[in-house]
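Student: Now for the letters of each chain:
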Amino acid sequence: MYGKGILKGLSVTAKRFWNTYWDDAVWFWRRITKGEKRYFSEEGVKHRSSKNARGIFTVQYPEEQLIIPEEFRYVPFLVYDEGAEGKQEIRCTSCGICAKVCPPQCIWIVRSNDPNTGRPIPAPTEFYIDADICMNCGFCAEYCPFDAIIMDHDFDIASYERNIYNLETLLKPASYYKSIRPTNYATAEAERKAKEAAKAAKAAGAAAPSAPAATP
Amino acid sequence: MAAPVSTQTVDLAARFPGAVTAEARPGYAGFIVEKDKLVEVATAIRDEFGFDLLTTVTAVDYLPEDKMEVVYHAYKTTGGPGLVFRVQVPRADPIEVPSLIDVWPGVDLQEREAWDLMGIRFSGHPDLRRILMWEGYEGHPLRKDWQEPFYEEDVKPFKSRWPEGKHVMAEEKNPFRDNVKFLENFDPEKWIPENEEMLYSSLKRYTVQSEDGMSTDRIVINMGPQHPSTHGVFRAALTLEGETIVGLKPVVGYLHRNHEKIGERNTFIQNMPYTDRLDYFNSMSNNLGYAIAVEKLMKIPVAERAEYIRVIMVELSRIQNHFIFIGMLLNDLGAMYTPALYAFEERELILDIFEAVAGSRMMCNYLRFGGVVRDVPEDVMQKIKGLVFERLPAKTDEMDRLLSENEVLVARLKGVHVIDGETAIKYSVTGPVLRAAGVPYDIRRADPYSIYDRFEFDVAMRPNGDLFDNYIIRLDEIRQSLRILQQAVKQIPDGPINSQKPQYQVRVPAGEAYGRIESPKGELGYYVVSNGKPNPWRYHVRAPSFVNITCLEQMCIGTKIADFVALLGVLDIVMGELDR
Amino acid sequence: MDNERLSLPQYDIPEDIQNAVTITTLDRLYNWGRRSSVWPLMFGLACCAIEMIAAQASRYDMARFGMEVMRPTPRQADMMLVSGTVTKKMLPAIVRLYNQMPEPKYVVAMGACASGGGPFKEGYNVVAGIDKFLPVDVYIPGCPPTPQALIAGMIKLQEKIDKESIKKVRWYRKGPDTVEVPIPILGPDLIDPRRNQEIKAAAAQKATKESA
Ligand code: SF4
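Chains as they are written, first to last, in the working numbering: chain X, 1 to 216; chain W, 1 to 580; chain E, 1 to 212.
Same shape as in the complex, but just chain X:
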């Protein structure tokens, strides 16, 4: 019979239509019994991005937001540790690995020099990221040995100007890093502690037998 296929297809859309209201009703019940809300709540957004999602699928940004996974990457930022008296201890040592590995070469770093000796010291004087070149690939954060450059989660950065970031705009505190990437932060911290402990142990070991001038 002509039209059977169309009807069959319509049954699918009808079911979807029905699901919308059914799901709302189910959630209404859950709201009464458990106090869970379908909209504008975390469990609601979670439900809508789970395998059981049906009915209304839209997440109404900006009123509600998708749950951002920890690994999510946007434009990178630089981490500083909060030292005593609000001093910013920038983690970056300006080793240049990120600038070297950056595929579109959007990172510019000026290494600091000691004003007296002229020798390089491990901190950047200037640091630029051209966000209009950056491809958000995450290599800089991946290969940085000091955990000093991290991919941000903040995507609400549209502006009326071109976006070229300098050191000042790039810096964010370690506490922010911890808040957006708790597990990454924890593993990195653990690694750092282990490394420092090993270093201390080695230093202690080296100091004791008063090693003669380093041999190769």
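Just so you know, not all the hints are guaranteed correct.
[Said to hold, decoys possible] Using 25 Å as the maximum straight-line C-alpha spacing, the simulated DSS-like pairs for lysine-lysine come out as follows:
| # | chain 1 | residue 1 | chain 2 | residue 2 |
| --- | --- | --- | --- | --- |
| 1 | W | Lys190 | E | Lys206 |
| 2 | X | Lys51 | W | Lys490 |
| 3 | E | Lys132 | W | Lys190 |
| 4 | E | Lys156 | E | Lys167 |
| 5 | W | Lys173 | E | Lys206 |
| 6 | W | Lys190 | E | Lys200 |
[What the hints assert, rightly or not] Here are a few chain E residues that sit away from chain W, every Cβ distance over 10 Å (derived from the structure):
| # | residue |
| --- | --- |
| 7 | Glu15 |
| 8 | Thr25 |
| 9 | Leu26 |
| 10 | Ser36 |
| 11 | Pro102 |
| 12 | Glu103 |
| 13 | Pro104 |
| 14 | Tyr106 |
| 15 | Pro135 |
| 16 | Glu164 |
| 17 | Ile166 |
| 18 | Lys168 |
| 19 | Arg173 |
| 20 | Gly175 |
Keep in mind that the hints were calculated from the coordinates and are not lab data. Bear in mind the structure is a predicted one, so any value in this text is a computation, not a measurement. Even for Gly, the Cβ is constructed at its ideal location relative to N, Cα and C.
Fit chains W and E with the ligand to the supplied structure of chain X, relying on the hints for placement.
Tutor: For chains W and E with the ligand alone, coordinates are given in the frame of chain X:
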């Protein structure tokens, strides 16, 4: 890893003494064919040795040796390893190589690309125009001695970035203060634009004489580059008689982003995120093809768990691609939005997984040489399981119910734009389009790479080669992918996720490699030549979308223009990959 | 928009009639009308276009902002969302589309490529930012901006529209009611007709430098 291209099975050198020599350079394989004998040898390769599918034609500029080389990769549609043969010509203008268009018509666009970017003249090619750049453009960009306006250094990393990296806009270093370069004393006011005369004359059939001596004009129309159903910036110049297409030329290059030129300046690892941007629906498969090619060169194994993760990600990506394919096809056919919106729901759920493991929805940059960048967390694994065992099978059936029997859809698609298997092979068509034409050629089976030989699945195949089969085969493929996924999720072992240490500079021995995979759109191949330095010497992408449109003219002549939109939808082209 | 926001500053409405009347300025009404029906041109260039489509689709649904009516013809569009890499070959077409759009028109550069060339900036066929040719209103960084980032950018555009005044906008003033951008020419490289003299001078200078 794909079976290495072996030379044992075929001994061309013995068959053509004097005209063919076996390749002797370390790291290279295949045969070198004398230029004058090329057509003859190629015919023999096709007819006597049975390599009926010529997948890749590309050129390499060996500047230090003052040579240009054209490399061909031929395969058998019955499966098995391929055959590489090449022609070497001295690097003095004009560089000329006989065209193979009479042996394999599928070389058409690829030869035009080699002419455009490398400046190799293919004698005997009927329509050798520039393809990615425009007619009148100065120079052949992929030549090693050609430099672009924003040229900084031959290879990355650039020295100006560190340790004295003051931010300077590239524009400020260029005399024209923009991304352009002109010859000395160029006067823009005196320039006479080419106006695409060559394109229109290649269409040729402006005026016809009917039997009674009346001459009729035919209409030439341009579809694209801005057109709602050309899937991006594709353009087709068509000649019409009434509503019937009598001539067609695809015009591409509107998204030519110089992938290969940039790729040859990048280090090996830096190319990984760039591959994401080829077929931007399937960055996972793009990563895989490139990783396989470089792993072949480096001769490194892949960690066991990583192999499984790769398969899982690539198959998820295929499912997502095919869902969108169906949605977009229906959009093009006029079933505005509903199927597309349904498809997008499933896609979003799959993208959530990519975002959680790789960090980005579309540009995953997830694979590394020897493995993957990070493990799949347990909760994401649970989500994958939920999708592949419960949700996606049900949703595939739902899509099937929604559309497959719909009389309107069937009427639009059945028996339209039939392509038979033989023609498809001749035109180097691969992927679902070839399989819908009755040729069960799937690289996952024909020349297994990664760990596809461990899974049980059928190669989806449909006999008719019309648009409807092309549609339905996508559903078949989703189901097969789900089968693979279900096995993979069950079997995935624990263990390390990379066989190598993470390093930002890899050592790649000199040689060449061609890594190919069955991407959702067809054969995706990467031809990489290394000279032992940190950057590839040649990096070529054999994009399925690009090669698949070679047969467009062939398929369209004599059909209605309204169906052309459907055909474009069915070919599933994506411009990022087509134009690179 | 709800009454409350429409009648925000300027006039104090007595409390007892607040729910009955709304006093607003013409500007506000005008801006409210336009910011809630910005119709984008259906025009995708590259990867970013896919995210643009995703933003229109089920999960993000830009219809909530009155932006779901994607018009394939420039004559009916208010906003050009430059979503992807602008290549030299494509540029004449883009400029032509822009010229055909009626005022008021807005340009949003979505993604790194449209804003400043992006990862492909060094390429020989890439235009380093659409702002070299068209006046860009909002830049959205990211590669690609996620649909949520895109919506955030659209909200920025709405904020911009909110600040406009009917007295000052260029399309109600005397003179040509729309800005025409001269269409670039594809020569041996991309020729920007506005810069002909500059190009000529630079080319001549190049010649003298090379002969020296
Ligand atoms: S900004 Fe990134 S995602 Fe957008 S078009 Fe450019 S390369 Fe593609």
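Student: Which earlier hints turn out false for this structure, listed by number in ascending order?
Tutor: Failing hints: none at all.
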